Every structure is written in C-alpha cells, then in structure tokens.
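Residue numbers (the working numbering), protein chains in the order written: chain W, 7 to 235; chain P, 681 to 927.
Just so you know, these hints were derived from the structure itself, not from any lab.
These numbers come from a predicted model, not from an experiment.
Incorrect hints may have been included.
Which chain W residues face chain P? A few, computed with CB under 8 Å, are given here [unchecked claim]: (1) T12; (2) P127; (3) L177; (4) I184; (5) A228.
Among the chain W residues that face chain P by a calculated CB cut under 10 Å, a handful are [what the hints assert, rightly or not]: (6) A163; (7) R169; (8) L174; (9) L219; (10) V220; (11) I232; (12) S233.
Some chain P residues well away from chain W (every beta-carbon gap over 12 Å; in silico) [what the hints assert, rightly or not]: (13) E723; (14) I815; (15) N881.
For every residue, glycine included, the Cβ atom is placed at its ideal position computed from N, Cα and C.
So you can see what is in the structure, the chains are spelled out below.
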Amino acid sequence: MSGKSTMLRTFRVIVMRDLTLAMRRRTDLLTTLFFFIIVVSLFPLGVGTEKAILRQIAPGIAWVAALLASMLALERLFAGDFQDGTLEQMLLAPQPLSVLVLAKVVAHWLLTGLPLVLIAPLVGLQYDLSAGSLGIMMLALLIGTPTLSLVGAIGAALTLGLRGGGVLLSLLVLPLYIPVLIYGAGAVSASVTSIADTQPYLMLLTGFMIFALVLAPWATAAALRISSE
Amino acid sequence: MSINWFKYSSPQTFYPLAGKMTPWFNWIAGILAVVGLYWGFFETPHILSEQKQYYRILFVHVPAAWMSMWLYLMMVGWAVVGLIFNTRLSFMMAASIAPSGAIFTFLTLWTGAFWGQTSWGTWWDWDPRMTSELILLFLYVGYMALQSAIDDTRRADRASALLALVGAICIPIIYWSVNCPDPNECTALHQQSSMSAVEPNIRIAWLIMVFSFWMYAFAIAFMRVRNVILERERNAAWVTELVGRKK
Numbered sequence: 007m008s009g010k011s012t013m014l015r016t017f018r019v020i021v022m023r024d025l026t027l028a029m030r031r032r033t034d035l036l037t038t039l040f041f042f043i044i045v046v047s048l049f050p051l052g053v054g055t056e057k058a059i060l061r062q063i064a065p066g067i068a069w070v071a072a073l074l075a076s077m078l079a080l081e082r083l084f085a086g087d088f089q090d091g092t093l094e095q096m097l098l099a100p101q102p103l104s105v106l107v108l109a110k111v112v113a114h115w116l117l118t119g120l121p122l123v124l125i126a127p128l129v130g131l132q133y134d135l136s137a138g139s140l141g142i143m144m145l146a147l148l149i150g151t152p153t154l155s156l157v158g159a160i161g162a163a164l165t166l167g168l169r170g171g172g173v174l175l176s177l178l179v180l181p182l183y184i185p186v187l188i189y190g191a192g193a194v195s196a197s198v199t200s201i202a203d204t205q206p207y208l209m210l211l212t213g214f215m216i217f218a219l220v221l222a223p224w225a226t227a228a229a230l231r232i233s234s235e
Numbered sequence: 681m682s683i684n685w686f687k688y689s690s691p692q693t694f695y696p697l698a699g700k701m702t703p704w705f706n707w708i709a710g711i712l713a714v715v716g717l718y719w720g721f722f723e724t725p726h727i728l729s730e731q732k733q734y735y736r737i738l739f740v741h742v743p744a745a746w747m748s749m750w751l752y753l754m755m756v757g758w759a760v761v762g763l764i765f766n767t768r769l770s771f772m773m774a775a776s777i778a779p780s781g782a783i784f785t786f787l788t789l790w791t792g793a794f795w796g797q798t799s800w801g802t803w804w805d806w807d808p809r810m811t812s813e814l815i816l817l818f819l820y821v822g823y824m825a826l827q828s829a830i831d832d833t834r835r836a837d838r839a840s841a842l843l844a845l846v847g848a849i850c851i852p853i854i855y856w857s858v859n860c861p862d863p864n865e866c867t868a869l870h871q872q873s874s875m876s877a878v879e880p881n882i883r884i885a886w887l888i889m890v891f892s893f894w895m896y897a898f899a900i901a902f903m904r905v906r907n908v909i910l911e912r913e914r915n916a917a918w919v920t921e922l923v924g925r926k927k
C-alpha cells in the first residue's frame, strides 16, 4: 500500500475512533452544548429583555459563548490520549504527526463546533434575529469555529498535563481567538443592515480558516513533541 | 587571528560579560533620556498653543510603543534561535526580554490613555491599533504565564518559545493597523504613520528617546538574564564557586 493512502486511511481511522469514543460518552458532548445554551440564555436575564437591545448584542454574545464553549472542550482534546499512552504511539507512528493532529482536530470540531452551528437558530429565537441574520450567523459560525478548534489545539498541546491547565489555556488561546470574534460578530452585525455587506467578513473568516488549516496542525505537532518528550 | 564566535554563548562566559555591559547600557540609557527629554521639551519650536502642549507625552508614548513591538520580535528571535540550535542561553534571553516588553506595552497603553483623554476626549476606544496593542499585552502575559506554569525548564522554554512564535502574527497586524493601503477604508483614531513629515527637532527628540529606551531594555534584560543564569545553573560548579567567594 502506498504511503499516501495509508496516511488518508490513518486520518479516517482516527476521526472515526474519536467520534466513536465521544459517542460512548455522550455527556461530555452535551455539557459543551448546554454550556453554550446557558451562557447565551443568561444575557437577556442580565441585560434586560428589550428586543432592540437584544438584536444588537446577539452577534457578540453568540460568538463569545461559542469561543468559551469551544475553549472549554479543548482540554479534552489530547488529555485522554496523553493519559492512556495513545499519544506516544501517535508520536512514534510513521505517518506525519500533523496529519494525525488534523484528524483529531476535525473530530473535535465535528463534536463541539458543528453542534454550536446547528443550535444557533435557538439564539436567533431568543434574541429576535431575522431569518437573514440568522443564516449569516450560522454561516459565520460554520466558517469560524474550525479556526477556533485549529488554533485552540496549539494551546491544548502546549498545556498538556499541566496543573491549572484550564485557566492557563484560556490565557493562551483567547487572545488568539480575537480576530475570529471580531469578524464573526462583525458579519452578523453587518447582516442586520444589509446582507450584501457581509461578504468581506465571511471572506476574511475563510482566510483565517485556511491560514490556520495550513499552519496550526504543524505548530500543534511541534507543541505535542515538546510537551511529551 | 581566529575568533571564537560562540565564546559568549555559554551561560558561564556570558554571565560576567553581561555584568560588565549592564552599567554601560544603564549610563547610555540615562544620558540619552535626559538629552531626549530636554530636546523634546525645550528645543522644539513653539508653534502650538498652550493647550496643545500635551503632545509631549508622545516622547514617551511612541518610543514605548516601538519598543513593545521590537522587544517581542527580539524575544521571538531568541526563541527561534533556541528552538533551532537548542542553546540554553537563547531561551534565557527570550525569558529575560519578556517582562520588559510587557512593561513597555503597558506603558504604551497607559500614556496612550492620557493622550486619548486630552486629545480625543476618551481614555479608551476600540481603535484597531489600541486593540492590537492590548492583544500584544495579553500575548506577553500568556508567554510569561506558560513559562512559569511548567516546572521542567526545558519544556517551559520550548513550549513558551513556540507560543511566542505563534503570537508573532500580532506584530504585523499592529504595524498595519493604521498603515493600511487605503486610509479611507480604515476607521482609526490613530493617524497614519508620519515620521518623515514631522518637524525635525521633534523627530530628533523621538529618535533619542527610542535609543534611550532601547539601551534601557538591554541593561534590564542583561540584569534579568544574570538572575536567570544563577537560578538555573545553581548546581554548576562555577556558580557555587562564584557565590561561595562572595560570601
């Protein structure tokens, strides 16, 4: 079997394995999702339920909640494999580590990013968003959350097995999430006035995603080697 | 005569060299600061009204802002040298530069707030340059937090080096946050960079202050790296000898 096809096969195997593992422990998955829902539901109670204000703050709140939810789930990205020794086997595997890392990140996004995209209509209902804005929000989350998972993986790899890793992780990762937050929330805000204005925001988000897709797995692989040597 | 380029790349030989250079850099920094501030306060033309005199805070603000970015690049530079050549001293330098960089970043934001209050009527605005400078502060803090959270020195050095490298993407963003190709497309309170259009005396004072801050950064980084060397090499024979002799 040629090297390339083993690589793709390994990629698929790791994605399927991580998905299966997550399905055996569904609570982890639901916790992240409910964290997002709870955070989003808190704001109208704190800020007040006036519809005009809610429409205005919806994009920012949805994105900040998505940022936090995605960050909270990051801790589990490598921790399990690190504890049971699977990670060491991955480091020794003949396939490039960055490909294996990408597979794990893809699985992680399918488990934590995609559910946020699918639950977004709920935010739309709570915050009285129009259907057009809601569509843009879902699209922006769809393009933006993979960047969060990719960039966050670097932080997760760097803080692997550290005491107080969770808080430290937020300190490292949240500043790097800011561009996605700005343009993700910007797209939704722009869609309130005119759907046509959202294109540059979405293109920038796509740019971020491609940039992270190329460089982040490589940096994460380097970080994993540093953390586990 | 052959020169040993790597003579000072070992902590043992660099420690006394840094000690010898520190007072020099301190003196140069002090003298330049006095000259630069004198020039900035008394040798600049009196063309502005009394209310506009607050602009002189820029003699601290601009050099601090430049140093905040420059020191980050220096930190990343040492971190990369350390990652490539696996030299301990490079990581120690990177770790020693970080606090100075963070202080300059804070100073930039602080003096900027005073400028903003008097000039623009607000302490803080989410102007792209302010925001990216704030992110830079977070990056410095993250670097230092990661460094101190890991007990194993080797892992701490390499992990924080990688983090610094990832965060380096912020520097071009700060730089281009006002120098964007089409000024009409950027809404910022900061004006475009106008170094060449500035009155010559003001520019001279600025540049002197930049050099003063730079020399100060050298001095303080060397002082700090000496502490780091002593701490990390405490079990080495030469440190025991050095400390024992002084007692």
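(message) For a quick check of understanding: which of the numbered hints are violated here, in increasing order?
(response) Hint check: 1, 2, 9, 10, 14 fail, others pass.
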